[in-house]
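Using our numbering, read the sequence shown as starting at -1 and increasing by one per residue.
Hints listed in this document are in silico derivations from the structure and should not be mistaken for laboratory results.
A portion of the hints provided could be inaccurate.
Capping the alpha-carbon separation at 27 Å, the derived lysine-lysine pairs in DSSO-like fashion look like this [what the hints assert, rightly or not]: (1) K217 with K200; (2) K200 with K133; (3) K129 with K111; (4) K111 with K217.
Quantities reported herein were computed from a predicted structural model and do not represent experimental measurements.
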Amino acid sequence: MPTTLPTGSAAEFSLAASGGAAENLSGFSAWTVTVMETLGPIGVGFMVFLDNIFPPIPSELVLPLAGFTSSQGQMNIVWAIVFATVGSLVGAVLLWALGRWIGIERIARIAVKMPLVDVDDVHRTVDWFDKHGDKAVFFGRMIPIFRSLISIPAGMRSMRLPKFVLLTTAGSAIWNTVLVVAGFFLGENWSIVETYAGYFQKLVIVAVAACVVVWIVLKVRKHRRRRAAGLDDSSPEVIEPGEFDT
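Input sequences plus hints: build the corresponding full structure.
Right, here's the structure in full:
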């Protein structure tokens, strides 16, 4: 089975595998299935790990392809789900460690220097995560974009690693199982899963963009009211050491 990528078009290439699941696929899909056929469930875990630390590789594509590969008899579906969840967890823990290393105070000092952001905004965000962080980590594993990002604030707020591992594993296992099983039963129509998951991702992006626009409008109005009332917004705000200690 050839595994060397062609040097021609990066967008369209075919990795034919005699009798393999990648035979009628092309591009990134063919390469992904070839990795899975070559490495088995470990390949699934590797691709999902990459999805966690490099979001442009979408799990909405990788996981249904794992189910499709399993449906062709190239891999056991249970092990595919297990290793997908392990890959999710390893990537999430690395991002949690990154957040722990960065720390909330360092990010807060950068945030308050940005236009429209003040110390109260940072405190409200931190307070929200302190109250809802467990649910955010669990459900965030099933939401595009947030799936990877949610690990960083968990690390910043020093969420205990055992709790983080438990919540991440549970949320990832649900998401992985749904997409892998769907790809398994759809077989060659696995792309239906990717299509509808793509709609979900677009909906999330639109919702986030709408929230950002609303937040900006409200903050601009607030600052205008303060200036009209003669209140000074020009003095720089300072984050004190230990300000976010619990």
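Verification of the hints:
no., hint, in the structure
1, K217 with K200, "holds (26 Å)"
2, K200 with K133, "holds (22 Å)"
3, K129 with K111, "holds (26 Å)"
4, K111 with K217, "holds (15 Å)"
Violation of the numbered hints given earlier is absent; every hint is satisfied by the structure.
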